[in-house]
Amino acid sequence: MKSILAMVLLTGAAFGAQAETAPAKGDAAKAQNIANQVCAACHAADGNSVAPANPKLAGQPAEYITKQLKNFKLGMQDPSKEGARKSAVMGAMTAALSPEDMLNLGAYFSSKTIKSGTSKLPIDAGQKVYRGGNATTGVPACAACHGPAGAGIPAQYPRLGGQHADYVLLQLKAFRSGDRANDAGKVMRTIANKMSDQEMQAVANYLAGLK
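Per this note's numbering, the sequence shown starts with residue 759, numbered consecutively.
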């Protein structure tokens, strides 16, 4: 009887620990005003930016959006810290955001539907690297982390399918140069260092129309 009671208590404790460590969820409705008044100018109210240099936020994993906002704010406060993402514009935009605001914005934009663009032809080279990588230079398949349709993995890897080619190319070059360094374990910096300019452009062009 005592052993059964002990098992029940331990099981309950385990479930309690899981509940405590479960990621917090944002409230999309509470982010509406911030999205309209702050984010819309660059990213559009529905997250489908029309400016090639500004990323589409629609459909991004909520956890990923929240992480980037925190990283941008950290980049303004202390750019030397691990995980900081430097951007004068985004640093200013995130300065007044609370942790709750960031969670809510993540929920808000993740609930929107991304509007895919059109891949720039030819797509063969970009498709080859995205799906199979480059064994000769050690570039892994992008699809291994970002998924065959570019949907990404929440909290870790962003949605790339349908993203502006110009923005994707800019980020790949930033990872390669080290200007962007908020990738856990230097995963993207390592990969980008192995990619040629032609491969980066080809992948970016292919992703623009990936659904």
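Treat the hints with care, since some could be wrong.
Pairwise CB distance ranges (calculated) [said to hold, decoys possible]:
(1) A893 x K783: 35 to 43 Å
(2) I911 x S935: 21 to 29 Å
(3) K783 x A942: 20 to 28 Å
(4) L879 x A899: 17 to 25 Å
(5) A907 x S869: 36 to 44 Å
(6) K886 x Q795: 22 to 30 Å
(7) A850 x G905: 31 to 39 Å
(8) K944 x A803: 30 to 38 Å
(9) K783 x T895: 39 to 47 Å
Lysine to any residue pairs mimicking SDA-like chemistry, simulated, CA-CA at most 20 Å apart [claimed, not checked]:
(10) K783 x K839
(11) K931 x S954
(12) K825 x Q929
(13) K873 x A803
(14) K828 x P810
(15) K878 x K825
(16) K844 x D937
(17) K844 x T948
(18) K825 x C903
(19) K878 x V808
(20) K969 x T876
(21) K870 x K952
(22) K878 x D924
(23) K952 x L855
(24) K788 x E821
(25) K825 x K886
(26) K886 x P810
(27) K839 x M946
(28) K878 x K839
(29) K886 x K873
(30) K825 x G875
(31) K878 x D941
(32) K969 x A883
(33) K878 x K788
(34) K931 x P912
(35) K828 x L855
(36) K878 x I792
(37) K931 x K969
(38) K873 x I911
Because the hints were derived from the structure by calculation, they are not lab data. Don't be surprised by glycine CBs; every beta carbon is placed ideally from N, CA and C.
Hint-by-hint comparison with the structure:
1. Between A893 and K783 the beta carbon distance is about 40 Å. The supplied range of 35 to 43 Å therefore holds.
2. Range check, I911 to S935: Cβ separation about 25 Å, and the 21 to 29 Å hint holds.
3. For the pair K783 and A942, the beta carbons lie near 22 Å from each other, so the given range of 20 to 28 Å is met.
4. The hinted range of 17 to 25 Å is satisfied by L879 and A899, whose Cβ atoms lie roughly 21 Å apart.
5. In this structure the hint that A907 and S869 lie 36 to 44 Å apart at CB is violated, the actual value being about 18 Å.
6. A hinted range of 22 to 30 Å for the beta carbons of K886 and Q795 is inconsistent with their spacing of about 43 Å.
7. A hinted range of 31 to 39 Å holds for the C-beta pair A850 and G905, which are about 33 Å apart.
8. For K944 and A803, the Cβ-Cβ distance of about 35 Å falls inside the hinted range of 30 to 38 Å, so the restraint holds.
9. At roughly 40 Å, the beta-carbon separation of K783 and T895 lies within the given 39 to 47 Å, and the hint holds.
10. For the hint pairing K783 with K839, the CA-to-CA distance comes to about 26 Å; that exceeds 20 Å, so the pair is violated.
11. Between K931 and S954 the alpha-carbon distance is near 10 Å, which keeps this suggested pair within the 20 Å criterion.
12. Between K825 and Q929 the alpha-carbon distance is near 16 Å, which keeps this suggested pair within the 20 Å criterion.
13. Taking the CA atoms of K873 and A803, the gap is near 13 Å; set against the 20 Å cutoff, the hint holds.
14. A hinted pair counts as satisfied when its Cα atoms are at most 20 Å apart, and K828 with P810 does not qualify at roughly 23 Å.
15. With a CA separation close to 30 Å, the supplied pair K878 and K825 exceeds the 20 Å bound.
16. For the suggested pair K844 and D937, the alpha carbons sit about 8 Å apart, so the restraint of at most 20 Å is met.
17. Pair hint K844 plus T948 holds up; C-alpha atoms about 19 Å apart against a cutoff of 20 Å.
18. Distance check on the hinted pair: K825 and C903 sit about 17 Å apart at the alpha-carbon level, within 20 Å; holds.
19. Restraint check for K878 and V808: satisfied, since their Cα atoms lie roughly 16 Å apart, inside the 20 Å limit.
20. Restraint check for K969 and T876: satisfied, since their Cα atoms lie roughly 10 Å apart, inside the 20 Å limit.
21. Straight-line distance between C-alpha atoms of K870 and K952 comes to about 34 Å, which puts the hinted pair past the 20 Å bound.
22. Distance restraint check for K878 and D924: the Cα-Cα separation of roughly 11 Å lies within the 20 Å cut-off, and the hinted pair is therefore satisfied.
23. Proposed proximity of K952 and L855 is contradicted: the alpha carbons are some 36 Å apart, above 20 Å.
24. Between K788 and E821, the direct Cα distance comes to roughly 16 Å. Compliance with the 20 Å bound is thereby established for this hinted pair.
25. Restraint check for K825 and K886: not satisfied, since their Cα atoms lie roughly 30 Å apart, outside the 20 Å limit.
26. Restraint check for K886 and P810: not satisfied, since their Cα atoms lie roughly 24 Å apart, outside the 20 Å limit.
27. Straight-line distance between C-alpha atoms of K839 and M946 comes to about 18 Å, which keeps the hinted pair within the 20 Å bound.
28. Under the criterion of a C-alpha separation no larger than 20 Å, the hint pairing K878 with K839 is inconsistent with the structure, at around 37 Å.
29. For the given pair, K886 sits about 23 Å from K873 by alpha-carbon distance, which is inconsistent with the 20 Å threshold.
30. Note on K825 and G875: the hinted pairing is violated, with a Cα-Cα distance of about 25 Å set against a maximum of 20 Å.
31. Restraint check for K878 and D941: the C-alpha separation of about 27 Å exceeds 20 Å, so the hint is violated.
32. A C-alpha spacing of about 17 Å is found between K969 and A883, which places the hinted pair at or below 20 Å, so the restraint holds.
33. Distance hint between K878 and K788 is unfulfilled; the C-alpha atoms sit about 37 Å from each other, more than 20 Å.
34. Restraint check for K931 and P912: the C-alpha separation of about 23 Å exceeds 20 Å, so the hint is violated.
35. Under the criterion of a C-alpha separation no larger than 20 Å, the hint pairing K828 with L855 is consistent with the structure, at around 9 Å.
36. Taking the CA atoms of K878 and I792, the gap is about 34 Å. The hint is violated against a cut of 20 Å.
37. Taking the CA atoms of K931 and K969, the gap is about 24 Å. The hint is violated against a cut of 20 Å.
38. Taken as a hint, the K873 and I911 pair is honoured in the structure, with Cα atoms around 19 Å apart against an allowance of 20 Å.
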